[in-house]
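Protein chains in written order, with the numbering used here: chain H, 1 to 328; chain W, 1 to 300; chain A, 1 to 326.
Treat each hint with caution, since some may be false.
[Stated by the list, open to error] Here are a few chain H residues that sit away from chain A, every Cβ distance over 12 angstroms (derived from the structure):
#: 1; residue: L68
#: 2; residue: I76
#: 3; residue: S139
#: 4; residue: Q152
#: 5; residue: A326
[Unchecked claim] Now the stretches of chain H that chain A is said to cover, found in silico as 3 or more residues with beta-carbon under 8 angstroms:
#: 6; stretch: 157-171
#: 7; stretch: 197-203
#: 8; stretch: 223-231
#: 9; stretch: 263-274
[What the hints assert, rightly or not] Calculated cross-link-like contacts (lysine-lysine; reagent style DSS-like; alpha-carbon spacing at most 25 angstroms):
#: 10; chain 1: H; residue 1: K97; chain 2: W; residue 2: K187
#: 11; chain 1: W; residue 1: K201; chain 2: H; residue 2: K132
#: 12; chain 1: H; residue 1: K134; chain 2: W; residue 2: K201
#: 13; chain 1: H; residue 1: K178; chain 2: H; residue 2: K114
Rather than coming from a laboratory, the hints here were simulated on the basis of the structure. Where a beta carbon is used, it is the ideal one built from N, C-alpha and C, also for glycine.
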Amino acid sequence: MSEIIKAENLKKYFPVQKSLLEQLLARKATCVKAVDDITFSIKKGEIFTLAGESGCGKTTTGRLVLRLLQPTSGKICFNGEDITRLKGEKLRLLRRKMQIIFQDPYASLNPRMKIGDAIGHPLEIYDIVKSKEKMKMVSEVLDKVGLTPPEQFIDLYPLNLSGGQRQRVALARSIILKPEFMVADEPVSMIDVSLRTTIIDLMLGFRKELGITYLFVTHDLAVAKYISDRIAIMYLGKIVEMGDKKEIFSNPMHPYTQALLFAIPIPDPERKRKAVELKGEVPSAINVPSGCRFRTRCPKAEKNCAEKEPEMIAVSPDHFVACYQAEE
Amino acid sequence: MMEKKEMSETKVKRSILARLLPQLRSLSKRGPSGWMVIVGIAIVAALVTMTAIAPWIAPHDPNKANVGPLRSPPSLQFPMGTTALGQDMFSRVLLGGSVMLQVSAISVFVCFLVGVPIGLFSSYVGGNLDKAISLVIDAVYAFPGLVIAIAIAAVLGPGVINMALSIAVVYIPSYFRIVRSQVLSIKELTYVEAARSIGAKWYTILLRYVLPNVVPSIVTVLTVNFADAVLTAAGLTFIGLGVSVDIPDWGYDLTKGRELLSSGGWWVITFPGIMIILLALGFTFIGEGLSELLNPKLES
Amino acid sequence: MPLLEVDSLTVEYKSSRGIVRAVDDVSFSLDKGQTLGLAGESGSGKSTLGLSIIRLVPSPGRIVKGTIKIDGTDVLKLSQDQMRSIRGQKVAYVFQDPMTSLNPVKKIGAHFVEMIQAHEPNTKKEDALERAKTILNNLSILTERINDYPHQFSGGMRQRIMIGLAIAMNPDLVIADEPTTALDVIVQAKILDLLENLRRTYGMALILISHDLSIIMERCDKIIVMYGGNMVEYADSTELHKNPVHPYTQGLLRSIPNIELTDQKLSAIPGSPPNMLNPPKGCRFWPRCKVPKTMCKEKEPFLINIGNDHFVRCFSSPEEGAKDIE
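Looking at chain H on its own, in the form it has when it is part of the complex (with noise of 0.2 angstroms):
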């Protein structure tokens, strides 16, 4: 199988914002290192998850893999080709073969556009169809979304509708210029529990029907287990694990990935569950530890960890790691 992204040493630093005198007291820029030097790769028709806690950086990952951010530094190549530096005309263009979900589906339509506009817009933008044929295919893109009677849904406002069919609503828009890859952004997190599955179902459902290949970005560790073939677990902007799911779920080797595993709640009573070594919270990325940046809260610190900052290093053929300690 191909490769449909690769990334190589990402990274994306955002500036801060200082007064006149900060700036001119400080000898250095301060940035929040959002991204900070991360290299992976999407197989053809893979769901490849970025998992982690708010402020790791994974959002950011997925904007900066899209183009909608530009990275400070690293490359991005998509279908071989560099994208990193495509600008103008030549990056609209390529807007129609990768798109994105949202995590908010009270965000992401615009509120004084209609159903059937909006969901039709990327149709207009590449000049498609003829509007008569814009509308059928819109009709069809929300049959396969499950809003059926299409006719019922395309003269309706965003506010007409729930969050789940909102979500159905970007996610027909994403998909009617069937692009092949998309980056989904939290996808469920803001949408009830029961209805979770339908859009999941619907995504799994396109990867099959028309080969999309998934970057799945959360923070929910169990979605991403049903979902993902390949996983990386990012932590203030890097990755510290990343591989095959079936691996990483069952050997977790850094400590970090260890802890999220252990923290995620199971709908059993009986279970007695260890409680969270972990101490202190994340650090701010504006100022980063030296080192291993996990190892202020890892269990399992060293003296060395504090040196310089572990390699990623391969456990097996489909597993990585960047920890000294899973080492031995």
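Knowing the structure of chain H, use the given hints to seat chains W and A on it.
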């Protein structure tokens, strides 16, 4: 000729009414704000109609002197009295709104056409261009409106268009600022990012995603702007920078009425004054009511 | 005698568009030191139920029926002053959003002093601060931070402070409304661990309100599943885990990914939560139910005791319901 004109005008009015009535009915169901809008529309419509049909119902030529006794208070023959030159006040009041309405309509139109696009473009593009334009606009905004209007009117000279232009310059900053503050927050919203992600061009995003969400706030500025323009126009004519004296005008009558006040004549200043207040009030009602309807406060 | 006894509680909201029965005929009891989980999705009424126990239902909501007995006293019959002395002292509430529940211009210490002095007016400020420091210690927050302001703390720490304020007066019952919703999974686990420790140390009862059935099943002794204002299932957590009967409960359990299982088949519940202004006739769940009978569409089901202190509001017999589990 006059009859044909009259008939076609009434026909137009009837068809407008036919389209408006169902909308008004739905407005009346929206509570006190809806009623405010309806009352405002009624007042403005009444005054506009009055001014429109005035040429046919005015009993005397408003400019003709000595149609009645000089400086006579309201009577059966002259319900609003006469001026120092013996002109009929009633006729003058009926026709005097014409200039004011034209001036405020044109100035608001120009304002809108200039202020909104500049505001949209400047704030969406952002950066140094936005900073530069904002500086200029803020400078204009810093001046008291009447002062600018006077300055420009003095340069341009009398006339309806010139009055309209000088007033327009005063209010362009208001449109710019309101549009800019809306766009600045809207352009950060997710649905705008979504529009970018599907590949929409920047002007499509502005027109179809940003502008429709900015419109509610523009509408309220628009109507309040009308009210303001009316008052500024009155101010200009009051000082004598308006139109020439042989066009009847409420603002002009205010000046003349003031002169008469010292000798006890109250009617020349009062009736045009009431008309100006009514017109401004009508627009204000529409604006306030719409503002409440389009941006409702949270219900408990 | 149970610590809390709720009987036939009904709460209505009156709006210009009609009446919403946010809580409809809910009855349950809670003993000292027990945990009760209120599980449900948006519109289920679980938050309203929690608020009504301390009579803080926001207007236009009103408790129209039922009794709420705390240690035998019906709080619905108490005056506002008597109620105020119960809030915070006997029953404490942890609100959903720690970001906005703390006063941004007051130091953390001042929050605690205010809380303590409100209930024990004769306490000196220094004594109150000492107690606050002890509590902060239990919350794993450095005591020096007693002079910090809320914005200097992270979301997780603010939630811990909220919990600290709630237990400051050593209440018998703590009601926590979605205490971990805005928080990451590790912080969530720490907060829930904290609640558990405090509970054991001080012998408090806990009502945990959440849409996350996983944490409710994991940490509660008893569970109430709410749907559309109704209590559709009520049982001990072990019993519910072994034998979920109501189609909604079963549907919920089948839609939650369980990280311990491999090759899980998840399924969604079709349809969407009911419109509370115009709920379906009969059982509120029937439009989404796999096995609705004709009776379900006509009459509202009542609560049946199917043994083992397990209550279900459903016309389908337990046997039929059990058949539906894959």
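Check: Does the structure break any of the earlier hints, and which numbers would those be?
Finding: none
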